[in-house]
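Starting from the given sequences, assemble the full structure and let the hints guide the process.
Protein sequences, first through last, are from chains A and B.
Sequence positions in the first sequence follow UniProt numbering and run 1 to 206.
Sequence positions in the second sequence follow UniProt numbering and run 1 to 206.
Just so you know, the hints here were simulated from the structure itself, not pulled from any lab data.
Keep in mind the model is a prediction, meaning the values are calculated, not measured.
Note that the list lumps identical chains together, so a pair holds whenever it fits in one copy or between two copies.
With a Cα cut of at most 20 Å, we get these calculated EDC-like pairs of lysine to aspartate or glutamate:
id	residue 1	residue 2
1	Lys23	Glu2
2	Lys56	Asp66
3	Lys162	Asp151
4	Lys126	Glu87
5	Lys56	Glu87
6	Lys23	Glu9
7	Lys159	Glu87
8	Lys102	Glu87
9	Lys50	Asp66
10	Lys159	Glu130
11	Lys102	Asp91
12	Lys159	Glu149
13	Lys50	Glu39
14	Lys6	Asp66
15	Lys126	Glu149
16	Lys50	Glu9
Protein chains: 2
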Amino acid sequence: MELPSKLLENAVNEIAQLPGIGKRTALRLALHLLRQPVEQTNQLTSALDKMRNEVKYCQSCYNISDTSICLICANPKRDTATVCVVEDVRDVMAIEATGFFKGVYHVLGGKINPIEGIGPSQLNIKPLIEKVRLGGVNEIIFALSSTMEGDTTNFYIYKQLKEFGITTSTIARGIGIGDELEYTDEVTLGRSLMHRIPFEQSIKQV
Amino acid sequence: MELPSKLLENAVNEIAQLPGIGKRTALRLALHLLRQPVEQTNQLTSALDKMRNEVKYCQSCYNISDTSICLICANPKRDTATVCVVEDVRDVMAIEATGFFKGVYHVLGGKINPIEGIGPSQLNIKPLIEKVRLGGVNEIIFALSSTMEGDTTNFYIYKQLKEFGITTSTIARGIGIGDELEYTDEVTLGRSLMHRIPFEQSIKQV
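Right under this line is the structure:
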């Protein structure tokens with residue numbers, strides 16, 4: 001694909017660095033911006049620059065926040081003794097949307113992934129251990145996605161927390177509410193059988 | 001979707017203005033930029049700003065170009081008497097990739113689309129008529145996509161060119177080379193029957 005302009009080519013190459021966006025889509029987006037008023041590009045680029053340069057992270061849970069302590073951590077009604085470990089802000093938003101969780105979060109910022117060169121030191125694992133060491137935490141709930149990387153990260157943290165003798169748990173894996181058994185993959189179905197719960201308990205949960 | 005930071009929210013909203021990118025994808029892209037070194041965002045935004053503010057268009061064919069006359073129009077080997085009318089730079093690139101066309105282009109910058117508020121005056125139609133009026137053009141080839149908007153634009157230009165008595169043509173519509181008849185839509189199949197060509201001619205073309 002030979003573009004007739006270096007300026008356009010640079011823009012396309014930069015856009016195509018974003019995950020899931022190929023050269024073709026990048027060109028479509030660049031041409032779109034060229035057709036729109038110049039203000040749209042200015043607003044886009046200044047919003048991105050501002051976000052990247054000025055974004056703050058909560059000093060307690062490491063979630064993205066405009067304040068040094070995020071609204072969840074600053075809320076006196078939240079139970080700071082129960083800490084839910086998640087990958088990023090999207091997971092916090094998903095759990096908050098359920099309205100079920102009254103504890104606080106700890107955002108790792110990713111999962112251990114040797115292939116992509118992400119080791120424990122690049123994640124917010126140390127502050128979590130430190131938080132537990134300082135006391136006041138009763139339970140750590142692991143809520144990472146159940147992939148190889150998620151399981152590795154869970155286990156790495158679990159090993160370091162063992163000495164403190166606090167409760168650790170992972171969110172339940174099983175068949176989604178309303179899902180059909182026959183369309184569920186074998187691993188999920190197998191696990192949901194292995195981790196079956198007393199019937200009385202399953203009624204109480206509702 | 002309630003984001004915990006105004007900075008992030010602004011960035012997501014701006015990214016989501018791009019065509020084909022929803023809020024969810026925009027958030028994924030914003031979080032990706034936050035995880036990458038700050039230089040990546042700087043390079044992206046400066047490439048976009050530079051493109052939008054400094055891009056030039058060829059004074060002859062209105063294609064995107066870093067020079068005031070693009071490389072195609074400036075090439076003395078190209079036949080300036082044959083002008084191929086296209087929508088944007090992607091069409092120029094697609095036709096150039098075939099290596100078949102030795103004429104020059106005229107880039108309209110869009111198609112007449114009343115629903116999106118794009119009228120003839122927003123497109124580079126006037127300079128095309130002017131080019132023909134000044135003389136030296138023998139044939140205009142319409143190569144817009146065969147949609148309602150493309151056909152409208154073709155017809156609008158065709159009517160204005162009529163008085164000059166030059167040859168006008170449209171690129172052939174038909175069944176793609178290697179395509180199966182049974183999977184071709186009826187309109188294409190119907191048109192390819194209507195516009196059938198003498199067999200001897202079809203052999204010569206190869």
